[in-house]
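Novice: Taken in order, these protein sequences are the chains called U and G. The opening position of the first sequence corresponds to residue 1 in UniProt numbering, with each subsequent residue numbered one higher. The opening position of the second sequence corresponds to residue 1 in UniProt numbering, with each subsequent residue numbered one higher.
In short, the hints are calculated from the structure, not lab data. Be a bit skeptical, because a hint or two may be false.
To be verified - Residues of chain U clear of chain G, computed beta-carbon distances all greater than 10 Å: (1) P44; (2) G80; (3) R82; (4) P102; (5) A123; (6) M274; (7) A366; (8) G409.
To be verified - Just the calculated beta-carbon pair ranges, DEER-fashion: (9) U:V419 x G:D329: 48 to 54 Å; (10) G:G310 x U:Y442: 45 to 51 Å; (11) G:P21 x U:A401: 33 to 39 Å; (12) G:P154 x U:P68: 42 to 48 Å; (13) G:P67 x U:G377: 24 to 30 Å; (14) U:D72 x G:E114: 43 to 49 Å.
Please read these numbers as outputs of a predicted model, since none were measured by experiment. Even glycine gets a Cβ: it sits at the ideal position worked out from N, Cα and C.
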Amino acid sequence: MSGDLKEGRIVVVGASLAGLRAAEALREKGFTGSLTVVGDEPHPPYDRPPLSKHVLLGNASAYSTGLPMRRDPEAEWRLGVRATGLDPVGKRVLLGDGSSLPFDRLLIATGTRARPWPVPEEAALDGVFTLRTSDDAARLAERLSAGPRRVLVIGAGFTGSEIASVCRERGLEVTVTERGPAPLVGALGGTLSKLAAAMQRAHGVDLRCGVTVTSLRGNGRFTGADLSDGTRVDADVCVVAMGAVRNVEWLADSGLAADPRGIACDAGCRAFDMYGIVTDDVFVAGDVSRFPHPLYEYQLLSLEHWRNAVDQAEVAAHNMISPGPLRRPHLSVPTFWSSQFGYNIKSVGVPTFSDEVVIAQGSLEARRLVMVYGYRGRVTAAVTVNMAKSLDYYERLIESAAPFPPPPGAADRRAAAEVPLPSDVPDPSRLSHGPTVALTGYLPDRRLVLAKPTG
Amino acid sequence: MTAETLLERITDYASRPDPYPLYAELREAGPVVRQTDGSYLVGTYHEIVGLLHDPRLSADPRNRTTPAPAASEETQHLPFLRLDDPEHHRLRTLAMRPFGPPHSPGRVDAMRGEITRFTGELVDGLRGRDHVDIVDDLAYPLPVTVICRLLGVPREDEPRFREWTDLLVASADISPGEDTAARAEAGREARMQMGAYLLGLAEQRRGRPTGDMLSDFVNEPDPQLRLTGEELAMTAILLLIAGHETTVNLITNGVLTLLRHPDKLERLRREPELLPETVEELLRYEPPVHLRERIPLADVEIAGTVIPKGTSVILALASGSRDPLRFQDPERFDPARKDNEHFGFGSGIHLCYGAPLARIEAQAALGALLPGLGTATLLQDPPPYRRNAMLRGPRHLLVGF
Numbered sequence: 001m002s003g004d005l006k007e008g009r010i011v012v013v014g015a016s017l018a019g020l021r022a023a024e025a026l027r028e029k030g031f032t033g034s035l036t037v038v039g040d041e042p043h044p045p046y047d048r049p050p051l052s053k054h055v056l057l058g059n060a061s062a063y064s065t066g067l068p069m070r071r072d073p074e075a076e077w078r079l080g081v082r083a084t085g086l087d088p089v090g091k092r093v094l095l096g097d098g099s100s101l102p103f104d105r106l107l108i109a110t111g112t113r114a115r116p117w118p119v120p121e122e123a124a125l126d127g128v129f130t131l132r133t134s135d136d137a138a139r140l141a142e143r144l145s146a147g148p149r150r151v152l153v154i155g156a157g158f159t160g161s162e163i164a165s166v167c168r169e170r171g172l173e174v175t176v177t178e179r180g181p182a183p184l185v186g187a188l189g190g191t192l193s194k195l196a197a198a199m200q201r202a203h204g205v206d207l208r209c210g211v212t213v214t215s216l217r218g219n220g221r222f223t224g225a226d227l228s229d230g231t232r233v234d235a236d237v238c239v240v241a242m243g244a245v246r247n248v249e250w251l252a253d254s255g256l257a258a259d260p261r262g263i264a265c266d267a268g269c270r271a272f273d274m275y276g277i278v279t280d281d282v283f284v285a286g287d288v289s290r291f292p293h294p295l296y297e298y299q300l301l302s303l304e305h306w307r308n309a310v311d312q313a314e315v316a317a318h319n320m321i322s323p324g325p326l327r328r329p330h331l332s333v334p335t336f337w338s339s340q341f342g343y344n345i346k347s348v349g350v351p352t353f354s355d356e357v358v359i360a361q362g363s364l365e366a367r368r369l370v371m372v373y374g375y376r377g378r379v380t381a382a383v384t385v386n387m388a389k390s391l392d393y394y395e396r397l398i399e400s401a402a403p404f405p406p407p408p409g410a411a412d413r414r415a416a417a418e419v420p421l422p423s424d425v426p427d428p429s430r431l432s433h434g435p436t437v438a439l440t441g442y443l444p445d446r447r448l449v450l451a452k453p454t455g
Numbered sequence: 001m002t003a004e005t006l007l008e009r010i011t012d013y014a015s016r017p018d019p020y021p022l023y024a025e026l027r028e029a030g031p032v033v034r035q036t037d038g039s040y041l042v043g044t045y046h047e048i049v050g051l052l053h054d055p056r057l058s059a060d061p062r063n064r065t066t067p068a069p070a071a072s073e074e075t076q077h078l079p080f081l082r083l084d085d086p087e088h089h090r091l092r093t094l095a096m097r098p099f100g101p102p103h104s105p106g107r108v109d110a111m112r113g114e115i116t117r118f119t120g121e122l123v124d125g126l127r128g129r130d131h132v133d134i135v136d137d138l139a140y141p142l143p144v145t146v147i148c149r150l151l152g153v154p155r156e157d158e159p160r161f162r163e164w165t166d167l168l169v170a171s172a173d174i175s176p177g178e179d180t181a182a183r184a185e186a187g188r189e190a191r192m193q194m195g196a197y198l199l200g201l202a203e204q205r206r207g208r209p210t211g212d213m214l215s216d217f218v219n220e221p222d223p224q225l226r227l228t229g230e231e232l233a234m235t236a237i238l239l240l241i242a243g244h245e246t247t248v249n250l251i252t253n254g255v256l257t258l259l260r261h262p263d264k265l266e267r268l269r270r271e272p273e274l275l276p277e278t279v280e281e282l283l284r285y286e287p288p289v290h291l292r293e294r295i296p297l298a299d300v301e302i303a304g305t306v307i308p309k310g311t312s313v314i315l316a317l318a319s320g321s322r323d324p325l326r327f328q329d330p331e332r333f334d335p336a337r338k339d340n341e342h343f344g345f346g347s348g349i350h351l352c353y354g355a356p357l358a359r360i361e362a363q364a365a366l367g368a369l370l371p372g373l374g375t376a377t378l379l380q381d382p383p384p385y386r387r388n389a390m391l392r393g394p395r396h397l398l399v400g401f
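Okay, chain U solo, but in the shape it has when bound (with noise of 0.2 Å):
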């Protein structure tokens, strides 16, 4: 059978920026056959980087984000709805309406949402929020415009800490608490969670490290919360801003490689199956994929990131056309940003791969700088505060497993760059917030050796 699709039946299920780069990139690259696009939500594909900064300020619409379309992709929107399951040897996707979907080639790009409080009756409390999707945002920015008197954000990772800078910036009181020793920490190592400690601190946030929630108060609204530590915070507005849950739930019976770290696929973003055997007409693509990567000893990669959603989905769709032999590997180096509290952070490669830390350039006293980590003598990250131009040369470091820690020469290194430090990255799970990178190790079969026996 030749692996050449140009017309027949594609099916994409996730309506958001991996799925609709893929629709695009197929109609690009020749695909005149039928194309269907399905997303549980009801609005079309929509950028949901400016929810928590732009949209939560009050100074974009929540529902004014849409992502531009490169080219009209000539699929048919099956929006509002959820796919519920897939036939892997009927070849058809099942719908929430109860119809079906027949394919010739399927690609999964259902994505994550907001991982919920734990507890379902204080979850439902008036004032009690998470963000992820548009309709999040809405309701939360009309609740801050409102004017409460201070927000409570449970988890200090990207989202949380970015909610917490719009708050201050509105003007706001707003407390965060975080079970790890600083925001961002789970991201970035120490060194740099402790210059995120100090700026949230410095715009007057409530931090508060080492402690979590215990239990949201209220009846039927919303009035406070109490901490692992005995103390209790009044607020009127809670935002859970714990991490991401991965869409598998749906594919429990597929008989893929799926699992709450995501869909194993391989480089190519063909899925595997619980058996580890690659499929031949699934692919998956942006965050709820878990790929190979060479720069990381080719283990499984999970990625919350905008840019390997839209890199990711051009090689599936790529892919998804071409016979084997001019398939191409998803081998972009993994890149993310966030603005908070004035500063631009941003990343390229995998910072928790690293066991050391250099500043290679700028100083932490002068609020820019770049973070350079390695990993047994090899560069394996950089983090740039304020100094995004100097990233290139990096990502260059990166992808060629150029010695750590980087040589000397910059005219504003210092010479405290010569002395590594350690990288400092605690392990995931004792952390409020979900990792936005995660190295899920080896083999894509591994759920079989976690399933435990049902009756």
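Chain U is fixed; fit chain G onto it per the hints.
Specialist: Just chain G now, kept in the frame of chain U:
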């Protein structure tokens, strides 16, 4: 002739009309080619990007030991274009405050209307003439008027600063084998006079702001954000010169290139909405800035060659923008080109400060000329070129209508 004399051949005035075959030879001999004077020449895209982004490469000429600097070369007071971080960053950020985001996000955009009006007036003045000099009649007066308005420099002082500008630009040119001492001395003298002149203008605006950048600089209330007199002089000189010298070439090269490609011109006349992409392709295909110098602060290995600390590295940006390893069919002028990440404005931390303004000016000038260009012909091709190899462009461009 060998590759070791390529820099001399490129900077030779006889090569000015068409340096591109020499660039092809450079890329063929490269990626890193040592020159007889001890400097290195780099003309391939990926190596240039690598060097422009490498924090170990300095823009500060005072770090150069090979070739030995001329005795009278400037030893202090450089504009941020020729400084390294953190000093470069501090000065560039201060200079950016009244010009662009985040502090003045609307300033350049707000000039669009004015630029279109100036352009319209200049082009209207050409009506009825059977031939014009694109340089003297449009490409020079437009950016000079714009930068004067923006900075707060009286337009009628143009003859004065034109002379200083010529001396300063000549002193900064790359010209191996020539005795540069006299030129450097003249450049230093011009810099002092021009600095004093601009400081004088700024002083007139102290406490009496006139809505221009000199006023903003001199009236900055926060002492932390205020430029010293010396810094203000260096910055104002840089902005005044960079604000028009390069744009002249961009506009002139644009007209020249379009007239050499009648099919592309015809399409652009039919679809003027393609102007922005056309200007980007011009920045790749016939850029105003051809060469830049960097100096390694440590021994730096690039593509297998170790360039010793202190050795001059000349980056042939215009060659990198025509590297076939980066651009498909690079010798073709193709305004519809995708993925056009050219070196027209450089790359890295020194990426052109004035790029947004240059883009608007070039789009306005070419846009205003378009209706008349249908029947235009080049009266002299190639046109006479200016001396400068680094900032390359025609001295005159005579066009008949």
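Novice: With respect to the beta-carbon atoms only, verify the hint that P21 (chain G) and A401 (chain U) lie 33 to 39 Å apart.
Specialist: Because 38 Å falls inside the window, the suggested range holds.
Novice: Measuring Cβ to Cβ, find out whether G409 (chain U) lies farther than 10 Å from everything in chain G.
Specialist: Non-interface label on G409 (chain U) violated, nearest chain G Cβ at 3 Å vs cutoff 10 Å.
Novice: Is it true that the C-beta distance of P67 (chain G) to G377 (chain U) lies inside 24 to 30 Å, as the hint says?
Specialist: violated (37 Å)
Novice: With 10 Å as the threshold, tell me whether R82 (chain U) passes as away from chain G on beta-carbon distances.
Specialist: About 37 Å separates R82 (chain U) from the closest Cβ of chain G, which puts it past 10 Å; holds.
Novice: For the hint 48 to 54 Å, verify it against the beta carbon of V419 (chain U) and that of D329 (chain G).
Specialist: Distance hint for V419 (chain U), D329 (chain G) holds at roughly 50 Å.
Novice: Quick one: are P154 (chain G) and P68 (chain U) within 42 to 48 Å, going by C-beta?
Specialist: Because 44 Å falls inside the window, the suggested range holds.
Novice: If I take the minimum Cβ distance from G80 (chain U) to any residue of chain G, is it greater than 10 Å?
Specialist: Holds, since 35 Å exceeds 10 Å.
Novice: The output says M274 (chain U) does not contact chain G. Does that hold with a beta carbon cutoff of 10 Å?
Specialist: holds (40 Å)
Novice: Run the C-beta distances from P102 (chain U) to all of chain G and say if the shortest one exceeds 10 Å.
Specialist: Answer for P102 (chain U): holds, closest chain G Cβ roughly 35 Å.
Novice: Taking the shortest Cβ-to-Cβ distance between A123 (chain U) and chain G, state whether it exceeds 10 Å.
Specialist: holds (38 Å)
Novice: When you take the CB atoms of G310 (chain G) and Y442 (chain U), is the distance between them in 45 to 51 Å?
Specialist: This hint holds: roughly 47 Å between Cβ atoms.
Novice: So is A366 (chain U) really clear of chain G, every C-beta pair being over 10 Å apart?
Specialist: The assertion about A366 (chain U) is violated, with a minimum of 7 Å to chain G.
Violated hints, in rising order: 7, 8, 13 and 14; the structure is consistent with all others.
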